[in-house]
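Engineer: With the hints as constraints, model all of the structure from the sequences given.
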Amino acid sequence: MNRDTLYEFNSRTGRITINHDECLACESHACVKACKQYGSGILKIESGKPILSITREEAEKGGCVECLSCEYECWFKGRKAIVIDLPLTINL
Amino acid sequence: MVKLTEHKGKEILRSMGINTPTGDVARTSLEARRISESLAKPVVVKAHVPFSGRFKAGVVKIAETPDEAEKAASHILSSEIRGFSIHELLVEEKVEIEKEYYAGIIINDSWKVRSPVIIFSVEGGISIEETAKHSPEKVSTLTVDVLKGVNKYDAYNLAIRLGVPSQWIPKIGETLTAMYYAFKRYEARILEINPLALTKDLKIAALDCKMVIDDSAAPRHPELGIQFPRDRETPPTQLEEMAWKIEERDYRGTSYFAQLTQETKEGGYVGFHGIGGGGAMLGMDALHRCGLKIANYADTSGNPTAAKVYRVAKIILAQPGIEGYFLSGAVIASQEQWHHAHGLVKAFRETLAEKPGFPIVALIAGNKEKEAHRIMKEGLKDLPVKLEVYGRDYVYNLGHLALRMRSLVEEYRAMKTNEPGHPI
Numbered sequence: 000m001n002r003d004t005l006y007e008f009n010s011r012t013g014r015i016t017i018n019h020d021e022c023l024a025c026e027s028h029a030c031v032k033a034c035k036q037y038g039s040g041i042l043k044i045e046s047g048k049p050i051l052s053i054t055r056e057e058a059e060k061g062g063c064v065e066c067l068s069c070e071y072e073c074w075f076k077g078r079k080a081i082v083i084d085l086p087l088t089i090n091l
Numbered sequence: 000m001v002k003l004t005e006h007k008g009k010e011i012l013r014s015m016g017i018n019t020p021t022g023d024v025a026r027t028s029l030e031a032r033r034i035s036e037s038l039a040k041p042v043v044v045k046a047h048v049p050f051s052g053r054f055k056a057g058v059v060k061i062a063e064t065p066d067e068a069e070k071a072a073s074h075i076l077s078s079e080i081r082g083f084s085i086h087e088l089l090v091e092e093k094v095e096i097e098k099e100y101y102a103g104i105i106i107n108d109s110w111k112v113r114s115p116v117i118i119f120s121v122e123g124g125i126s127i128e129e130t131a132k133h134s135p136e137k138v139s140t141l142t143v144d145v146l147k148g149v150n151k152y153d154a155y156n157l158a159i160r161l162g163v164p165s166q167w168i169p170k171i172g173e174t175l176t177a178m179y180y181a182f183k184r185y186e187a188r189i190l191e192i193n194p195l196a197l198t199k200d201l202k203i204a205a206l207d208c209k210m211v212i213d214d215s216a217a218p219r220h221p222e223l224g225i226q227f228p229r230d231r232e233t234p235p236t237q238l239e240e241m242a243w244k245i246e247e248r249d250y251r252g253t254s255y256f257a258q259l260t261q262e263t264k265e266g267g268y269v270g271f272h273g274i275g276g277g278g279a280m281l282g283m284d285a286l287h288r289c290g291l292k293i294a295n296y297a298d299t300s301g302n303p304t305a306a307k308v309y310r311v312a313k314i315i316l317a318q319p320g321i322e323g324y325f326l327s328g329a330v331i332a333s334q335e336q337w338h339h340a341h342g343l344v345k346a347f348r349e350t351l352a353e354k355p356g357f358p359i360v361a362l363i364a365g366n367k368e369k370e371a372h373r374i375m376k377e378g379l380k381d382l383p384v385k386l387e388v389y390g391r392d393y394v395y396n397l398g399h400l401a402l403r404m405r406s407l408v409e410e411y412r413a414m415k416t417n418e419p420g421h422p423i
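Chains F and W supply the protein sequences, listed in that same order. Quick note on numbering: numbering that gives the first Met the number 0 labels position 69 of the first sequence as 68, and the sequence is numbered without any gaps. Quick note on numbering: numbering that gives the first Met the number 0 labels position 343 of the second sequence as 342, and the sequence is numbered without any gaps.
It is worth saying that the hints were derived from the structure and are not from the lab. For clarity, every value in this text was computed on a predicted model and none was experimentally measured. By construction, the Cβ of each residue, glycine as well, lies at the ideal position given by its N, Cα and C atoms. Mixed in with the good hints, there may be bad ones.
[Unchecked claim] Where chain F lies over chain W, by a calculated footprint (3+ residues, C-beta under 8 Å): (1) 240-246; (2) 339-351.
[Said to hold, decoys possible] Pulled from the structure, derived: some chain W residues nowhere near chain F, Cβ distances all over 10 Å: (3) Pro49; (4) Arg53; (5) Asp66; (6) Asp249; (7) Arg251.
[Said to hold, decoys possible] Derived DSS-like pairs: lysine-lysine, alpha-carbon spacing no greater than 27 Å straight-line: (8) Lys376(W) / Lys32(F); (9) Lys40(W) / Lys93(W); (10) Lys76(F) / Lys380(W); (11) Lys367(W) / Lys35(F).
Structural biologist: This is the structure we're talking about:
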């Protein structure tokens, strides 16, 4: 995995990592659709890759509602490019 | 609700001007001896545990000398009460009692009352419920108008009604009003002094103290040092502490987790996850009726995030020895169930890939039910678990789900027994 192409941001209690190398070959963009349907619609596609449509600070303050749907949809309709890390011990 | 220790409760009473026996907490028999020596009088050595019935259980002893105090402490520290070890003692001066009264304040949350109620009885030292049942003429009560509070004459009248000798009425009245002040200040649900003693040296003293704080109020009272604001009589387990930290640090929705047993070797235990307490009780009853046991009880309600559901599910699954996962989600309208589905799928995928045949029986009813079922089925289709998902038609037919759970647990156990290398 090329770390330079990892797109990462924090949610309120976790961390979302998107491997943009995989996203370039993805046609479904299911993560963005899922975010609109189940979450708060904070992802958009730019140059073929999903990125935040809000600032990282806004996402961390709760803009990302941690619906987990982007990771789910990417497993089944995308290219397994998204990993959400939710440690059991929350450090705020 | 959080029950304070007797020592902490008495500290609060003292700060309100209520007399209590002098004493301190000991963790070893030697510490108990030193406290006894410093008091230089006969002492009472008590197991410092949040259980009633300590005297009957033999974990309250009277010691006339430091030697006896050390011996009593050693005996109590090696005893158990309700299956729990005793790690702390309360060593206090022995008080010579002339008369025992009862004084208590509770919240009566009946829709007809919805107020604190002060209860006073001339029969102390025994259960107030027993006195109220057999000698109701010995109990007087006062429903408090929370806007007006308690005046001293209200408290005096409680004692006057029961024929308390007039010279004691002011002291009892002051004690009851001070108790109400403590009750209100610390947002208690229960404050009970039993017995409230009239001593031979003519003082009024609180010989015991049960103080229960509303768990929602705990964060407003850091001075109480409450680490685990949950209604538990035993110290929290590691999993319970983890679950509480999740709830404490994430206000979105609510989660609750209680580990009901740590011993699951005999089998037949399932992890239990409810969404909404009423439906959850139906599910628990159904499981019990068909012979299954519940290793832990969890609840995720109030529209929690999928992340919160995920964490609670991981904690449920972290309990060793469980042979199935039962979800009783009968909530109809207050949340979108797809969030539960997303959280559960992530937890199951991370935890159950190496547990072929592990049974999951899930009732998911409510808003976005069909979508939630699709997510569960699609998300777990490549996992080697046995998944059955039910919807709103089964909210009042949890008996069927419990029977399915039992069949799947039996199949899972048989499968594990037939695994190569399994000790038969």
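Engineer: Each of the hints needs a verdict: does it hold here or not?
Structural biologist: Here is what the structure says about each hint:
no., hint, in the structure
1, 240-246, "holds (count 3)"
2, 339-351, "holds (count 4)"
3, Pro49, "27 Å, holds"
4, Arg53, "36 Å, holds"
5, Asp66, "47 Å, holds"
6, Asp249, "6 Å, violated"
7, Arg251, "8 Å, violated"
8, Lys376(W) / Lys32(F), "20 Å, holds"
9, Lys40(W) / Lys93(W), "8 Å, holds"
10, Lys76(F) / Lys380(W), "14 Å, holds"
11, Lys367(W) / Lys35(F), "15 Å, holds"
The structure fails hints 6, 7 (numbered hints given earlier, in ascending order).
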